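Chemist: Heads up: the protein sequence lines correspond to chains A and B, in order. Residues in the first sequence are numbered from 1 upward in steps of one, following UniProt numbering. Residues in the second sequence are numbered from 1 upward in steps of one, following UniProt numbering.
It should be emphasised that the hints constitute simulated quantities derived from the structure, not laboratory data. Keep in mind that this is a model prediction, so the values were computed, not measured. Heads up, some of the hints might be wrong.
[What the hints assert, rightly or not] Partial chain A-side listing against chain B, Cβ under 8 Å, derived:
#1 Pro103
#2 Pro129
#3 Thr132
[Said to hold, decoys possible] So these bits of chain B aren't anywhere near chain A, every CB distance computed over 12 Å:
#4 Asp19
#5 Glu22
#6 Thr70
#7 Gly117
#8 Ala135
#9 Asp188
#10 Arg251
Note that the Cβ used here is the ideal one computed from N, Cα and C, for glycine as well.
There are 2 protein chains.
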Amino acid sequence: MTGETVVCKLGGSVITEKDRSETLDAPALDAACDAIAGVLADDAIDRLVVVHGGGSFGHHHASAHGMTTTAGTHNVDAVMDVHGAMTTLNRFVLDRLHERNVPALPVHPLSVGARTGGPDGELTLPSEPAATLLAEGFVPVLHGDGVATASEGVTVISGDELVVELAADIDADRVGLCSTVPGVLDGDGDVVPRIDAFEDVADLLGASESTDVSGGMAAKVEELLGLGSPAFIFGPDDLEGFLRGDSPGTRIG
Amino acid sequence: MTGETVVCKLGGSVITEKDRSETLDAPALDAACDAIAGVLADDAIDRLVVVHGGGSFGHHHASAHGMTTTAGTHNVDAVMDVHGAMTTLNRFVLDRLHERNVPALPVHPLSVGARTGGPDGELTLPSEPAATLLAEGFVPVLHGDGVATASEGVTVISGDELVVELAADIDADRVGLCSTVPGVLDGDGDVVPRIDAFEDVADLLGASESTDVSGGMAAKVEELLGLGSPAFIFGPDDLEGFLRGDSPGTRIG
């Protein structure tokens with residue numbers, strides 16, 4: 001045992017086929033669960049929280065209903081479309097972890113979180129359930145979801161938000177984001193090994209061709225820099241290495 | 001609109017067939033959902049939280065695994081048996097409410113609650129999710145479940161505990177417990193119309209033949225007396241009346 005607490009996100013585009021509605025990427029999910037189970041069986045980490053994104057389960061429902069992290073809905077069918085698809089994906093993840101003897105238990109953000117309203121709405125995500133499950137030897141598994149939001153009804157909460165919020169609250173020693181890219185890429189498509197300040201990112205990502213991707217990545221990097229514990233962005237092949245203590249992909253902070 | 005906030009529990013033995021494993025009492029559940037939908041459609045109450053018990057879905061799994069509100073388990077299969085059965089029952093309740101245009105959304109206690117350990121373990125059950133959903137016009141639906149507990153793993157959290165905890169936190173104006181009996185019964189089997197102090201209960205229930213039932217009922221009454229808002233214990237036929245503002249069964253506090 002290392003005594004470490006690790007928060008690890010499995011990107012939605014890693015574990016699902018993003019272009020086919022509600023379709024798992026079963027081999028990729030199996031490989032990720034193999035890595036997690038192997039590392040836990042070896043006691044290579046002590047406490048693990050898993051967060052997974054929505055991929056083809058959450059995103060198209062949210063998009064069809066005009067839901068984002070700031071724009072919500074009061075339509076209960078819309079909320080159930082997103083939440084129902086995400087709990088289905090969550091159950092697939094849990095089942096595969098249970099098959100490998102990982103003591104995984106679900107923590108659904110719609111049940112535990114809430115946001116105040118307005119453009120600067122603050123997220124409340126009490127960490128007692130995840131922290132207590134962790135201390136008792138379970139592996140809490142959270143996921144992108146809907147979240148009750150003042151004035152907006154229910155908005156989207158992303159896996160990235162969950163990672164940042166939880167990692168700070170439970171004093172995570174290391175944070176990992178397993179994505180489809182091997183790290184933060186510079187203008188030449190090479191992995192940036194380390195980012196220590198937001199200025200670095202702005203320079204690096206400013207050179208990127210896709211503003212969407214760079215905008216998303218820049219915001220993610222900014223939040224991860226605020227964590228106080230190192231975060232790593234890496235591809236699926238580096239998941240096991242990260243869990244065993246390597247520093248793959250891009251180290252942030 | 002009355003501006004009232006009401007917390008109403010549907011007893012597990014009301015909505016399920018308690019002697020047949022994982023079997024709904026579909027006519028009883030339909031009738032309860034009809035009452036709720038009708039009252040909300042008439043704007044007879046403004047904000048409603050529904051809590052349901054476990055009945056034949058939760059109890060036999062908990063009992064088979066030796067789980068109680070104080071004795072827990074670290075076996076993930078045991079937790080999933082209880083939680084899985086309860087989320088199945090919760091989905092049945094939600095589906096029937098949705099069919100009647102009630103904007104019901106699930107709040108799973110395993111995701112939001114935690115207990116400290118020991119015989120005086122304190123329950124933490126953050127109310128922001130339910131309170132924000134309520135304020136946005138949704139009907140949060142909670143249920144008996146497992147809950148992470150220090151030193152014990154996962155213990156049982158009962159519908160009654162949820163009612164007492166939530167009603168206080170969200171400043172409920174009235175609390176209803178729809179059970180299979182028409183109220184608290186005295187030694188002659190008659191409904192006691194009002195209980196204002198715990199001494200009354202001890203006298204009344206001391207005369208009852210079944211110590212199990214009276215013990216459970218006495219503890220329930222004691223907790224309800226501490227609420228600060230009136231609580232009513234009544235049978236299924238009185239559910240609609242309660243929701244419309246009547247004072248059926250036994251009034252406590």
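Chemist: Which hint numbers does the structure go against, in order from smallest to largest?
Modeler: 7 and 8
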